[in-house]
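Here the protein sequences come in this chain order: A and B.
The letter at position 113 of the first sequence is residue 112 when you use numbering that gives the first Met the number 0, and the numbering goes up by one with no holes.
The letter at position 100 of the second sequence is residue 99 when you use numbering that gives the first Met the number 0, and the numbering goes up by one with no holes.
Be aware that a few hints might be false.
Claimed, not checked - Restricting the straight-line Cα-Cα distance to at most 25 Å, the calculated cross-link-like pairs of lysine-lysine (DSS-like) are:
(1) LYS147/B x LYS1/A
(2) LYS114/A x LYS125/A
(3) LYS51/B x LYS115/A
(4) LYS67/A x LYS51/B
(5) LYS81/A x LYS125/A
(6) LYS34/A x LYS1/A
(7) LYS114/A x LYS67/A
(8) LYS61/B x LYS1/A
(9) LYS35/A x LYS67/A
(10) LYS1/A x LYS24/B
(11) LYS147/A x LYS115/A
(12) LYS49/B x LYS67/A
(13) LYS51/B x LYS114/A
(14) LYS115/A x LYS125/A
(15) LYS143/A x LYS67/A
(16) LYS125/A x LYS109/A
(17) LYS38/B x LYS61/B
(18) LYS34/A x LYS115/A
(19) LYS114/A x LYS81/A
(20) LYS35/A x LYS38/B
(21) LYS169/B x LYS24/B
(22) LYS125/A x LYS169/B
(23) LYS61/B x LYS49/B
For the record, the hints were derived by calculation from the structure and aren't laboratory data.
Owing to the predicted nature of the structure, the values given are computational and were not obtained by experimental measurement.
These are the residues of each chain, in order.
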Amino acid sequence: MKIGLYVNDRFLEWEVRADEYLLESLRTHHFTSVKKGCDTTACGVCTVLQEGEPIASCGLLTFMAEGKHITTVEGIRDEAEKLAHFFGEEGADQCGFCNPGLALAVYALKMESQKKQQQPSLDEIKTYLIGNLCRCSGYVAQHKAILKYLEVQL
Amino acid sequence: MRIHRLHQPQSLEEAQNLLNEPGAKIIGGGMWLKVTGTKIEEAISLQHLKLKEIREEEQYIKIGAMTSLRQIETSQCLADYAGGALVATVRLIRSIQFRNLATLGGSVAGRYGFSDITTTLLALNARLVWQHSGEESLEDFLESAHAKQDILLYILLPKVILQSVFYCRKPTALSFSIVNVAMARTQGNLYIAIGARPKRSILFSFELEAINTWQNDELQRAAFLEIISLGLFGTNNGGSQAYRQTLARVYALRGLEVLLP
Chain A
0 MKIGLYVNDR FLEWEVRADE YLLESLRTHH FTSVKKGCDT TACGVCTVLQ
50 EGEPIASCGL LTFMAEGKHI TTVEGIRDEA EKLAHFFGEE GADQCGFCNP
100 GLALAVYALK MESQKKQQQP SLDEIKTYLI GNLCRCSGYV AQHKAILKYL
150 EVQL
Chain B
0 MRIHRLHQPQ SLEEAQNLLN EPGAKIIGGG MWLKVTGTKI EEAISLQHLK
50 LKEIREEEQY IKIGAMTSLR QIETSQCLAD YAGGALVATV RLIRSIQFRN
100 LATLGGSVAG RYGFSDITTT LLALNARLVW QHSGEESLED FLESAHAKQD
150 ILLYILLPKV ILQSVFYCRK PTALSFSIVN VAMARTQGNL YIAIGARPKR
200 SILFSFELEA INTWQNDELQ RAAFLEIISL GLFGTNNGGS QAYRQTLARV
250 YALRGLEVLL P
């Protein structure tokens, strides 16, 4: 079946199977920043934004994304670089595999916080990012980096 | 999930007709269907049927079956309803990425034993509205012997519920509950729902007046705890019968402290 959707504001038309998941479709079409991890919607490495909201792309059938706006980390390049700067400062990166999904989730949190005009507390950040697992870092440096990013950006 | 043929009906009548075909199955959010690798001959997607809404009506709050768990979580209307137990329940379900995809209808229609949201809806005396068979209580639906070949349209939350609480124990934030307990009260009644037993949720109801009398009587309290826990629990990889029973009793007593005037 043919479906049309927006990826990083570009309208694309793809031929997909009915049971094809968005993760597979994105990676087939070279959006390989979107990673395959657990493939059961738990780990968050496949996180993308749908209409600005974080979703597990391994859990969304691609046909359900028809007409929707999907954002990968390539679509928030400037913001991802700003966040990466703080990650570098705090030594929050190791293998980097979880970073694209995490960057998108943090960006979504930033957008939500701007709407509420309220900076999230550390606990709120941890709760929001509970679905972005990292096997390398232990999270402390990541949280410090995210707090700095949000302080500057909000 | 494996789909042989996909249908995207544009009307409820079309969807109902499709559901009558052999091998037909509705996809809600599809979360559990994905995890279980279910094979579907004729998959019916409800995404074009405008079943995503949360609306306050005179006697109920009406929630469309395709409303996402995240929409429920962020709804001010539901945060204000009956002490906010439904929002508190949903907030503990896995991650935002998951809750933006999972639907209320999918969580309920599957009658899953692990479902936290079913337990809370049961305590809230929720009612279900089906396309073909009309309205029924969630309790009746959970107790019915057979799965339904029908389309769940709405979940109704009665406004007579004044206050509610939810408790659960999860080994990690992304895990299923080992046991869950939801409690709610009206002017005259107290409802206790216990789920993840590991079987599906079960409901107990009491007159508030009777509970108030029992509160200060050790023997009566013990009897109350026996009523709500005897023979209810089982053992699986998640936890033992004894652990579930102990937790459920503690949660029930905590709930009484919160709910009893």
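Quick rundown of the hints versus the structure:
no., hint, verdict
1, LYS147/B x LYS1/A, "32 Å, violated"
2, LYS114/A x LYS125/A, "19 Å, holds"
3, LYS51/B x LYS115/A, "23 Å, holds"
4, LYS67/A x LYS51/B, "16 Å, holds"
5, LYS81/A x LYS125/A, "20 Å, holds"
6, LYS34/A x LYS1/A, "24 Å, holds"
7, LYS114/A x LYS67/A, "21 Å, holds"
8, LYS61/B x LYS1/A, "35 Å, violated"
9, LYS35/A x LYS67/A, "21 Å, holds"
10, LYS1/A x LYS24/B, "22 Å, holds"
11, LYS147/A x LYS115/A, "19 Å, holds"
12, LYS49/B x LYS67/A, "16 Å, holds"
13, LYS51/B x LYS114/A, "23 Å, holds"
14, LYS115/A x LYS125/A, "18 Å, holds"
15, LYS143/A x LYS67/A, "33 Å, violated"
16, LYS125/A x LYS109/A, "13 Å, holds"
17, LYS38/B x LYS61/B, "32 Å, violated"
18, LYS34/A x LYS115/A, "30 Å, violated"
19, LYS114/A x LYS81/A, "20 Å, holds"
20, LYS35/A x LYS38/B, "22 Å, holds"
21, LYS169/B x LYS24/B, "31 Å, violated"
22, LYS125/A x LYS169/B, "17 Å, holds"
23, LYS61/B x LYS49/B, "13 Å, holds"
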